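There are 6 protein chains.
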Amino acid sequence: MSDETEESLFDKGLAVRKEVLGADYVEKSIAGADEFTRTMAEWSTAYCWGALWSRPGFDRRSRSIVNLAMIAALNRPHELKLHVKAALKNGLTKDEIKEIFLQVAVYAGVPAGIDSFRLAREAFKEMDGE
Amino acid sequence: MSDETEESLFDKGLAVRKEVLGADYVEKSIAGADEFTRTMAEWSTAYCWGALWSRPGFDRRSRSIVNLAMIAALNRPHELKLHVKAALKNGLTKDEIKEIFLQVAVYAGVPAGIDSFRLAREAFKEMDGE
Amino acid sequence: MSDETEESLFDKGLAVRKEVLGADYVEKSIAGADEFTRTMAEWSTAYCWGALWSRPGFDRRSRSIVNLAMIAALNRPHELKLHVKAALKNGLTKDEIKEIFLQVAVYAGVPAGIDSFRLAREAFKEMDGE
Amino acid sequence: MSDETEESLFDKGLAVRKEVLGADYVEKSIAGADEFTRTMAEWSTAYCWGALWSRPGFDRRSRSIVNLAMIAALNRPHELKLHVKAALKNGLTKDEIKEIFLQVAVYAGVPAGIDSFRLAREAFKEMDGE
Amino acid sequence: MSDETEESLFDKGLAVRKEVLGADYVEKSIAGADEFTRTMAEWSTAYCWGALWSRPGFDRRSRSIVNLAMIAALNRPHELKLHVKAALKNGLTKDEIKEIFLQVAVYAGVPAGIDSFRLAREAFKEMDGE
Amino acid sequence: MSDETEESLFDKGLAVRKEVLGADYVEKSIAGADEFTRTMAEWSTAYCWGALWSRPGFDRRSRSIVNLAMIAALNRPHELKLHVKAALKNGLTKDEIKEIFLQVAVYAGVPAGIDSFRLAREAFKEMDGE
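If you read the protein sequences in the order shown, they are chains A, B, C, D, E and F.
Using the numbering used here, you'd call the opening residue of the first sequence number 149 and step up by one each time.
Using the numbering used here, you'd call the opening residue of the second sequence number 149 and step up by one each time.
Using the numbering used here, you'd call the opening residue of the third sequence number 149 and step up by one each time.
Using the numbering used here, you'd call the opening residue of the fourth sequence number 149 and step up by one each time.
Using the numbering used here, you'd call the opening residue of the fifth sequence number 149 and step up by one each time.
Using the numbering used here, you'd call the opening residue of the sixth sequence number 149 and step up by one each time.
Think of the hints as simulated: they come from the structure by calculation, not from any bench.
Treat each hint with caution, since some may be false.
Chain copies aren't distinguished; within one or between two, either way the pair holds.
[What the hints assert, rightly or not] Here are the simulated DSSO-like pairs of lysine-lysine, each with C-alpha atoms no more than 27 Å apart in a straight line:
| id | residue 1 | residue 2 |
| --- | --- | --- |
| 1 | Lys-229 | Lys-176 |
| 2 | Lys-242 | Lys-166 |
| 3 | Lys-273 | Lys-160 |
| 4 | Lys-166 | Lys-273 |
Bear in mind that the values here come from a model prediction, so they are computed numbers and not experimental data.
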């Protein structure tokens, strides 16, 4: 284990998170946290984005592939839309996202595939409107 | 839709499947099918390997990333071990598989991560013994 | 494997799908597809409705029982509503759908049962309004 | 097995359910049942609230912990919000619910944690508005 | 709600359970229960087999279709094998079980389908050996 | 976020983990790690046991209730057995574990309940043999 502090993981994570999800979104998200949700938001920033996404040896594009496949299978619509947007920022094209969700349809079942395509379309539309 | 026949999808799929899973394994698997399981085996070959894995625009290494992440989340031990072996054949290193399963631990939960690491170790051992 | 082409599976599937889901719905759905979703829609038509639903030896009423039970357990609200409507067209009565979802409550848990009843009621209402 | 009747389980369950979810909510819910949903509602009252929640040897606060953890993992938003409200009535504080959902984030994955926090906040808001 | 007692539900359930799973299996299962597992076994008998499976208006063959589809999706190998055996006793043929699990492969994903076929084959073999 | 380092979280986690799972088990587990699994083991110790289980405001007995309910629903047999053993060390009685798994049967479905009871019995037997 490193001697990195939670605080420095958080700072590192915040920078990655802003690059991937956009500074605007992240700042709005932080401003919206209250006493009840703050620890969850801090952990997500420090552990997901600081400890995991910052690890060397696996590029961001590949990490986005992992998340799209996994979150589609886990059936979590809000997070899936978020990570569709992140995937585009990390260099995946719409055509590649299409290939991922066709594979979801085959291995996680057609309803999982259809739901993922619908949510991706919503995410694309939201990005165009931003 | 293409005018490709089921039969030609099957033939194409069989070739890909042998490249990825090894000719020995695939031939043994086909020989082991009976009247009850034959259609499932044929569909898996024609649709997974023929229709999906043979599509252009997304390389095999990326498809292996999708499957490891997705099948870990779907909690299917037999298929996960199979696709760990396939992933090595498709060019993922053990270090990269480690990164994928650390990400599984964060997004699908620690028990999913721990199970995936244990199954991957079993798969590695089986490959060494082959 | 048959020598049937993807194209003929698609045509066969399209006919079955229109019988089960209604020609209006299916035509609207096809018109709504874009480049991103087209392959998913074609696969769903060719493989679900053409290759699977058209198989002899298992009647459509029985296939609807399978789908209601399975999609309730898989927790996919959009697809569940669609297949509640399809089930009525395939000859299941509301009383039989009730029996299926009571069984879902016992084997997949009370929250799965309650969600399924609520979604079925929404589907019934949408059909009445059509 | 006891010689208790379904009817008396229902009566016992109705009393517990009103204590935990509030008499108003329960009466509205019963009034809203129709022929299609009535058995599900009766079973839920008799078996969940009458047979299970009325068992001695495990207090209601502990049963609420079980349900929050389990329903978060099962990914059932409607029931989760209902049981967040029930948990507060059964003596869990918001700080304790926060601890439960941080644990959900670690063991069921970050998206499950984030979804649970968001739903809990919605439930709190609905209670404040009542 | 009926005025039926838990005890009479249990007796009714025991009779159905013996018809479907075989008297030998059920008696061995009851003899194997201890203080820790007894209530679970009694509830399963009274509520699954007494309250649910004994309801009129949905035949046993249809209930077996529901359970095979649902338990395959729920990923519960022990229960799936048990209900494959029950399904044969309730009049489903091996060819029909094959159709159900092909449908599982399409809607719940190929790994769910393959696992279900393997478990069904194990169940068939165990029945032949009995 | 605290200025605690990963290393100190690991040390704190290691102490808690040994108290809950037994020093023997934990040392054997650490000795069994290799280059492939080491980071997963370290993260589990630092983040599960150091960051989560060490938080004030929620006692270990309550955290064990959360984990039994959640891991039963997540369908992870290895981890469930481990946490059944931990639960006994954290002060839950067998009778209370029975209540938790009856509740699992009602809310996550009878197969989840039956599987959990069987796994708990195996865990009890392993503890008696230790």
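Evaluation of the provided hints:
1. Lys-229 x Lys-176: both (17 Å within a copy, 24 Å between copies)
2. Lys-242 x Lys-166: The answer is within: 21 Å in one copy meets 27 Å, while 30 Å across copies does not.
3. Lys-273 x Lys-160: neither (30 Å within a copy, 33 Å between copies)
4. Lys-166 x Lys-273: Cα proximity of Lys-166 and Lys-273: one copy only (21 Å, versus 29 Å across).
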